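S.K.: Here are the chains, one letter per residue:
Number of protein chains: 2
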Amino acid sequence: MMTDQIDTENRAIGAASPALFATLAPLGRRVSFPPDIPFQAAAARGKTYNGTIGQITDGAGSPLPLEPMAAAVAGLEPRDSDRFFLYSPVDGLPELRQRWREWQRRSVSPEAPSTLPLVTVGLTHGLSVVADLFGGVGRKLVVPAPFWGNYRQTFAVRTGAEILSAPAYLDGRYNCRVIPEALAGVAPGEPAVAIVNLPSNPGGYAVTDSERAELIAGLLEEADRRPLVVICDDAYAGLVYEPDVSVRSLFWDLSGAHEQLVPIKVDGATKELSFFGGRVGFITFPFDPESDVAQALESKVKCLTRSALGSPVAASQMIVLQALRDERIEERVEQVRRVLEKRYRTLRKALEEVAREAPELLRPLPFNAGCFALLELAESLDADAVRRHLLEDHDTGLVSIGSSHLRIAFCSVKRAALPELVQRVTRAAREMAVAAKG
Amino acid sequence: MMTDQIDTENRAIGAASPALFATLAPLGRRVSFPPDIPFQAAAARGKTYNGTIGQITDGAGSPLPLEPMAAAVAGLEPRDSDRFFLYSPVDGLPELRQRWREWQRRSVSPEAPSTLPLVTVGLTHGLSVVADLFGGVGRKLVVPAPFWGNYRQTFAVRTGAEILSAPAYLDGRYNCRVIPEALAGVAPGEPAVAIVNLPSNPGGYAVTDSERAELIAGLLEEADRRPLVVICDDAYAGLVYEPDVSVRSLFWDLSGAHEQLVPIKVDGATKELSFFGGRVGFITFPFDPESDVAQALESKVKCLTRSALGSPVAASQMIVLQALRDERIEERVEQVRRVLEKRYRTLRKALEEVAREAPELLRPLPFNAGCFALLELAESLDADAVRRHLLEDHDTGLVSIGSSHLRIAFCSVKRAALPELVQRVTRAAREMAVAAKG
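Protein chains in written order, with my numbering: chain A, 1 to 438; chain B, 1 to 438.
No wet-lab data here; the hints were simulated from the structure. None of these values were measured; they are calculated from a predicted model. Ideal Cβ positions, reconstructed from N, Cα and C, are used throughout, including at glycine. Some hints here could point you the wrong way.
[Said to hold, decoys possible] Across the chosen pairs, the derived CB separations fall in these ranges: (1) B:A22 with A:P110: 55 to 61 Å; (2) A:E331 with B:A74: 16 to 22 Å; (3) B:A436 with A:T3: 24 to 30 Å.
[As the list claims (entries may be wrong)] With a cut-off of at most 27 Å between alpha-carbon atoms, the simulated DSS-like pairs for lysine-lysine come out as follows: (4) A:K414 with A:K342; (5) B:K349 with B:K414; (6) A:K47 with B:K349; (7) A:K342 with B:K47; (8) A:K349 with A:K414; (9) A:K47 with B:K342; (10) A:K47 with B:K414; (11) A:K349 with B:K47; (12) B:K47 with A:K414; (13) B:K414 with B:K342.
Can you build the whole structure from these sequences, using the hints too?
M.R.: Quick look at the structure:
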């Protein structure tokens, strides 16, 4: 029975997109949501006598929370508080999925297909589910460098995928051909996966409108050569600070643009709604919600969520819903963006001065978005040594990326402190350079 | 550098327990917490200028939550509310780990070693981490049958482990030799993993004190033959209803009992604190918190959590802390247990009547604990067909387990409704039996 279901789902995926099926990993091919407890519990919803789910309730669908826990969320309506304490469906709370879809599709054409987002436990879990679906031993995964180190764990260490990379910046500019360049040595026809993370971590960069066109052209060319799944890691969606940069996810540009190219949108409330502790993320595919392929992919994602986590976090989903139901949501999100934009302007100015004064020590890479700025250090300097020196002698914490980059998370530093932070980085770099020569 | 770290950790595990190292899966051997952003952020804690973490704050360590979300948790102290919205450490909030350890160790001898519990995203995630560590292609995993179907997804579908089973009940009694029986055909010396889930799902059974001694003796014998990791799935800890059944986890009995046997405790707030929507679980190893082996295992678990989920849910952890800090916590948990005990007595009585009146149709298996009762149906009946018939014609939802068992979740049914629910099951089974003959 499970075998039939798996075959049907795999066929639905292959029928809608041979490229997507060609890219499915062995684990991705064998997962399918089983006709197990959550499936049977869903079938029993609304029955007078319902003894399906192993959660402790009053017998009429309300939880029996311990008093101090209930008191903490006294700000929720009783019905919402109930849902806070009880299991979420494996694919997430229906209202949240619907509202997040609307949130994603603000100013997107109504014709653009997209599934109802599947809820994950934060954005990283979304990436991990996609890695389980499309990674696997030997699968080529392209990530522009420098990149967020956890991609390595999620795709390479866990599934055995092989990371290929090319520089995200060339001559102080974003490299729009980074993905075709990284795949140049891979035999045509071999399926591949690429991650596009814009605004980027650690770069703090989003493409300008003209770069966007160039980036898309390169991806479409690459799709002439092979089945290509493009993961749009939209963690920092909305956080852009320059007039020539659009907030639109690349997902909408790539959706339906080429038969051999399938974009997958991975996003979340973590940064978009400033809820880091909640772990609410989403996976969205470029298909109509009711299509067979959407249902098949949903079944696979549910199996992966169920097997690794049981179900996503109902508590956090209820908190996110409070924000999404609020009429003033866009305004509130804009307030947070404005706080970051001010820090961005201050940091940018401080870094431009350093670039003028000490170009031999460090070079700020272009940044215009998100939460970070990235500094490229002189070749004689080791980024982790500078990081440790900053910690020990300058009361300053930054993150080293590889051997030659330092990342400044301006999202967690007061605006007024940024110039002094930059001074300290410059000083520390100079001291290390002198010590290296001495 | 990572290679050195991995080697050091694997050696620490091998030195403390060759059996545990022998049972480590390939993925378990290659994971180790990388010196990546969370590692570097931990090093920078307390610095005046801290630009390490990509979470949006006011620059002084407090979050910038959207107003409707903050309002929902107005019942939290400001400092707790801050932590609700910000990232948790990958291993969990230190206060929660400490308090859960105290909670686990009530009436446990102070000498019994146990690590500081590692926080997971619900109990299933704890199982999944253990599956990643000790599962893998071809690894034999013993689960007494009938069992919770999700073990299959977590261990077999995801990691390629091979499930072996033997009957959990023989002649209407719990089968204390179930694990050695299931492993009888496996070559001596081959490492294996066993799951012990007491109180059980779907059985609703916990061993009596005399059965416990027999079960332990069988496990120790098996450990004479092979390295054996025993996963104590303590989801339903504390929910026992008979005087001859102890609440003590088997973990404490097995810890240190045999050189070749390593118990791992997987538990959580889901059922123990009645917080299903929160996804707060824990993994605990039988070693001193500061030992090298504890540190090595912690590094591996953190790598698995980081790569699949980023970090556990801070929001839910803060809610769980509200309960654990409460002086009346034991009393409050006892209140929930008493609600379930009353339902248990009512259901037990109703099932005893059925057993007398319709022994040819269904037989209740022994139950005395947890959230469930399990019915074994007559051979002529198909459990899933009876389930569907109950749904369609009797307004009643239950879960079918395999082809011959139905599970009643009395934890989610009102006490007063249980006799009628049992009547309906009996009626449905009778109708199906008549139809089968007809």
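S.K.: State for each hint whether it applies.
M.R.: Status of the hints after comparison with the structure:
1. B:A22 with A:P110: 55 to 61 Å: holds, 59 Å
2. A:E331 with B:A74: 16 to 22 Å: holds, 21 Å
3. B:A436 with A:T3: 24 to 30 Å: holds, 26 Å
4. A:K414 with A:K342: holds, 10 Å
5. B:K349 with B:K414: holds, 15 Å
6. A:K47 with B:K349: holds, 23 Å
7. A:K342 with B:K47: holds, 22 Å
8. A:K349 with A:K414: holds, 15 Å
9. A:K47 with B:K342: This hinted pair holds, its Cα atoms lying about 22 Å apart.
10. A:K47 with B:K414: Holds: K47 of chain A and K414 of chain B sit about 13 Å apart, inside 27 Å.
11. A:K349 with B:K47: Status holds; Cα separation ~23 Å.
12. B:K47 with A:K414: Status holds; Cα separation ~13 Å.
13. B:K414 with B:K342: holds, 10 Å
Taken one by one, the earlier hints all hold for this structure without exception.
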